[in-house]
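Just so you know, we're using this note's numbering here: the sequence shown kicks off at 44 and counts up by one.
No wet-lab data here; the hints were simulated from the structure. Treat the hints loosely; a few may be bogus.
[What the hints assert, rightly or not] Within a straight-line C-alpha distance of at most 16 angstroms, the following computed EDC-like cross-link-like pairs (lysine to aspartate or glutamate) qualify: (1) LYS62 <-> ASP48; (2) LYS137 <-> GLU164; (3) LYS155 <-> GLU103.
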Amino acid sequence: MTLDDCVPKNKFDLAAVSKAREVGFPGINSVLPDLLDWVQDANWPVAADVADLLSNSGKEIVPHIGSIFSTDDREWKFWTIELIVKRLAPAVRKALWADLRQLVREPTPEDKSCDVDLVAEEALSL
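Build the full structure now, drawing on both the sequences and the hints.
So, in structure tokens, the structure goes:
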């Protein structure tokens, strides 16, 4: 098995998520960006399982989530915060504090339209 086997090939590939769980952290750290792609839409069957897995990661996920916050993809930001950031260990979530504050204090009109600022504020209050 390779790490590519741990990344879903389509939105129904729950077997890949199971393989990623078997490998665990830090073994799957190099494919974190690829796994984060699968939480862009919470309606995808793999989204919840991927989010559950990634919410147990450590600080190695912080720069990858920061990269998502730098995109224009408001839904990806929303679901990343809602499904992963809110469930991260407090110490890991704290490492995202500055990024979350930025989303609350200076949301783009697009982010506001998808409630990114509100979900970021909720994450800050945990």
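Hints, one by one, checked against the model:
1. LYS62 <-> ASP48: The given pair, whose Cα atoms are some 7 angstroms apart, holds under the 16 angstroms limit.
2. LYS137 <-> GLU164: Distance of about 13 angstroms is within 16 angstroms: holds.
3. LYS155 <-> GLU103: violated, 28 angstroms
In this structure, the one hint that does not hold is number 3.
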